[in-house]
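Engineer: Those sequence lines, one after another, are chains A and B. Just so you know, the first sequence maps onto residues 1 to 491 in the UniProt record's numbering. Just so you know, the second sequence maps onto residues 1 to 313 in the UniProt record's numbering.
Note that these hints are calculated values from the structure, not bench results. Idealized CB from N, CA, C, for every residue including glycine. Careful, some of the hints might be misleading.
What the hints assert, rightly or not - Derived CB-CB ranges, DEER-like:
| hint | chain 1 | residue 1 | chain 2 | residue 2 | range |
| --- | --- | --- | --- | --- | --- |
| 1 | A | L240 | B | G51 | 50 to 58 Å |
| 2 | A | F266 | B | G92 | 55 to 63 Å |
| 3 | A | L213 | B | R180 | 54 to 62 Å |
| 4 | A | L141 | B | G92 | 55 to 63 Å |
| 5 | B | K66 | A | G212 | 49 to 57 Å |
| 6 | A | I409 | B | G51 | 33 to 41 Å |
| 7 | B | S98 | A | F266 | 33 to 41 Å |
| 8 | A | F235 | B | A87 | 51 to 59 Å |
| 9 | B | A309 | A | F235 | 29 to 37 Å |
| 10 | A | Q443 | B | E169 | 57 to 65 Å |
| 11 | B | R180 | A | L240 | 53 to 61 Å |
| 12 | B | G92 | A | L240 | 26 to 34 Å |
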Amino acid sequence: MADPQASASSNHGAGEQVELENLRSGLSGEPPAISPRRGGAKSQLSASLVDAVVAGALAAALGFFFIGLRSDIAPGGLALTQRWGALVIAVAIVFVGRLLLNLFVYKRRRSAPPKARAPKATTSRGETYARFSKAIAPVLLLVALAFPFLMIWGAPQQSRQYIDLSILILTYVMLGWGLNIVVGLAGLLDLGYVAFYAVGAYSFALLAKYLGLGFWTCLPLAGILAACWGMILGFPVLRLRGDYLAIVTLAFGEIIRVILLNWSNFTGGPNGISGVPKPTLFGYEFKSGAGGVADLLGIHYSPIQRFIFLYYIILVLALLTNFVTLRLRRLPIGRAWEALREDEIACRSLGINTTNTKLTAFATGAMFGGFAGSFFATRQGFISPESFTFLESAIILAIVVLGGLGSQIGVVIASVVMIGGIELLRNLTFLKAIFGPDFDPTQYRMLIFGLAMVVIMVWKPRGLVSSRSPTAIYKRKTRIGADMVAQGEGH
Amino acid sequence: MSDTSHYPVWERDPVLTVEHLTMRFGGLVAVNDLSFNVGRGEITALIGPNGAGKTTVFNCVTGFYKPTEGRIVMRHGKAGKADDIAALTRGGRQSATSADGALFLLERMTDFRISHHAKVARTFQNIRLFGGMTTLENLLVAQHNRLMVASGFTIGGIFNLPGYRRAREAAMEKAIGWLRQVNLLHRADDPAADLPYGDQRRLEIARAMCTDPHLLCLDEPAAGLNPRESAELNDLLHYIRRECGTSILLIEHDMGVVMEISDHIVVLDYGVKISDGTAFEVRNDPSVIAAYLGVEDTEVEQVEAVLEAEVQA
């Protein structure tokens with residue numbers, strides 16, 4: 001599913017390649033007028049070889065200290081071991097890999113004539129995409145609705161683990177959708193979104209601890225409180241632009257965490273708050289024995305019932321987020337958010353109060369973060385400031401960016417891949433058979449995670465689903481390629 | 001009051017009055033003690049060589065700059081007696097509404113309030129469309145404030161109440177009407193960034209008109225247009241003045257356009273007004289000719305003498 005952006009970027013890449021090649025041939029003294037096509041396979045091969053040798057030399061220079069030498073702690077100081085074999089292997093891998101890439105990947109790109117982007121094709125592809133997404137949405141919804149029972153029926157042994165994982169994924173989907181309002185629609189880069197998640201979680205935990213309120217009472221309260229915090233943050237911050245906005249939101253996220261950490265006699269400090277109440281079903285708890293939901297329904301009690309219940313709560317919350325976002329996009333406020341992302345000055349010239357518009361985006365996003373936070377608290381039963389570090393913000397932002405700014409389905413795909421993928425790495429025990437018994441795949445999680453992000457950003461720089469669908473239609477539905485959609489502040 | 005019917009419209013019934021406008025950027029005086037009127041229902045052109053301060057005047061009028069000194073009065077309806085303006089100026093308020101209209105002191109208002117309340121819309125020299133949104137959406141964004149009220153500030157809109165639905169239909173109709181007017185209806189569902197340059201110019205004017213302005217400020221609307229597109233633009237501006245009764249203030253370099261459509265021309269040079277009058281008057285004003293074309297060495301003294309005499313008069 002190549003989109004115009006991808007083809008545009010590859011054109012760009014090809015152009016750069018050609019330019020680089022011209023430069024290189026110019027430097028090596030060849031007449032620059034030589035046509036690359038007439039140069040034939042021979043010059044292609046030699047150019048590739050030269051390039052691969054350069055790459056190998058670079059790898060050797062870089063790896064000289066990093067791979068070739070190894071220092072270990074030994075009695076009386078450090079012991080230096082030399083590992084030239086490993087260095088040679090590394091350089092060989094780089095050389096061969098670069099050569100293969102040059103011969104088989106870059107060559108094809110270079111020889112393909114740069115195609116002009118045809119708007120007609122975009123439209124028809126847009127229509128297919130629209131039809132595809134229209135068909136896929138109900139299917140995904142059905143799968144999501146039936147998921148716990150599919151699990152119990154299909155994999156009874158691991159069902160609890162998988163349902164738990166899907167609850168985690170759905171939490172991130174909801175957080176991603178909430179942040180998408182701020183970053184994707186309004187185009188305000190928020191690096192401290194986890195602050196609202198923390199406000200939601202702590203609102204519930206503290207209300208439950210000090211006032212004895214239950215989950216369903218606290219859920220809306222947590223949302224409202226988080227939205228208020230969004231506005232409190234928004235007032236001073238939203239007059240900033242671009243990078244400054246990002247930095248201040250980042251700081252705000254940290255401030256909330258540090259306060260939670262240090263206000264020990266109220267928030268419990270680093271010890272957190274435990275014993276957060278579980279959600280009830282119309283006042284009935286999920287427990288064994290009389291008075292529980294299982295007893296009420298006359299079925300056998302099993303701990304998995306509580307997981308299924310949690311799963312449906314977060315599913316409903318996430319779908320609510322999605323519904324409201326999709327609805328808001330078609331309302332004047334949502335259109336103003338997107339207009340704000342496109343051009344703030346033009347918005348002001350049309351009489352839109354940009355401060356209020358930004359504030360509503362911040363508050364709406366924060367509210368959903370608060371809902372998710374209070375769900376997180378009830379699912380864990382225990383919260384501490386450690387759950388709300390900057391890494392959390394970064395993951396949520398990565399989900400939104402990888403999914404494609406402003407795209408709802410992209411966020412789902414990105415969360416499944418990122419959260420589910422990382423968790424599944426824990427189960428890759430078969431890798432031990434290949435790399436030896438010492439190999440622990442979980443230690444490479446972050447490496448693979450980072451690699452995957454780099455790959456996606458190279459392959460699809462504007463996220464997995466990068467086109468935008470219009471909110472008002474005169475005759476025909478089109479999709480707007482990402483190359484035309486602005487990204488807003490601080491990107 | 002004495003009989004004023006022989007005065008030009010901009011003296012008799014101005015929609016916008018700029019008085020003693022001065023804008024300094026540090027030590028640079030971009031606009032120096034500039035006063036002029038924009039007549040109601042007229043097309044007024046602000047011209048001058050590059051760097052004369054035309055866009056600065058625009059930015060002051062539309063609130064994007066806060067003028068260093070001066071008063072900018074916008075009148076709705078018949079309001080605007082000298083005492084009312086003086087009273088409003090003495091008080092701290094931004095606007096005053098009376099039975100026959102409303103008065104706004106634009107130098108006290110921020111940009112979006114000027115567009116929303118004082119009904120002054122503008123376009124930009126470097127076109128500022130919402131490129132990733134369709135042309136239709138661009139025109140809907142322009143009707144934001146009315147739709148926000150109709151949607152009960154979003155609450156009613158979420159539940160799709162009938163009042164909002166009606167307002168949405170009306171907004172769509174208006175947007176489609178304007179798209180038809182600027183010959184862009186066939187591109188209604190295309191992103192604005194995809195349109196050719198001339199179409200983008202017309203779309204920006206249509207978008208500004210969707211805010212129902214009393215005064216439309218156009219910053220070089222004909223820049224980069226070919227002769228056919230220029231002619232279309234003239235027709236569009238005439239249509240706006242005739243059918244919508246909107247007064248137009250425009251900056252333009254294309255003298256063909258300026259001389260043909262303007263009722264009133266104000267000429268700026270180095271931030272100072274050097275001429276003010278009808279197209280005919282301005283065209284024959286020696287100071288304008290001197291500013292635009294320069295003068296022969298032999299004529300310098302003669303022209304200077306004429307200018308000197310004018311200043312004295």
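Engineer: Does each hint fit the structure? Answer for all of them.
Structural biologist: Each hint, compared with the structure:
| no. | hint | result |
| --- | --- | --- |
| 1 | L240/A - G51/B: 50 to 58 Å | violated (31 Å) |
| 2 | F266/A - G92/B: 55 to 63 Å | violated (44 Å) |
| 3 | L213/A - R180/B: 54 to 62 Å | holds (57 Å) |
| 4 | L141/A - G92/B: 55 to 63 Å | holds (57 Å) |
| 5 | K66/B - G212/A: 49 to 57 Å | holds (54 Å) |
| 6 | I409/A - G51/B: 33 to 41 Å | violated (51 Å) |
| 7 | S98/B - F266/A: 33 to 41 Å | violated (56 Å) |
| 8 | F235/A - A87/B: 51 to 59 Å | violated (34 Å) |
| 9 | A309/B - F235/A: 29 to 37 Å | violated (58 Å) |
| 10 | Q443/A - E169/B: 57 to 65 Å | holds (60 Å) |
| 11 | R180/B - L240/A: 53 to 61 Å | violated (41 Å) |
| 12 | G92/B - L240/A: 26 to 34 Å | holds (29 Å) |
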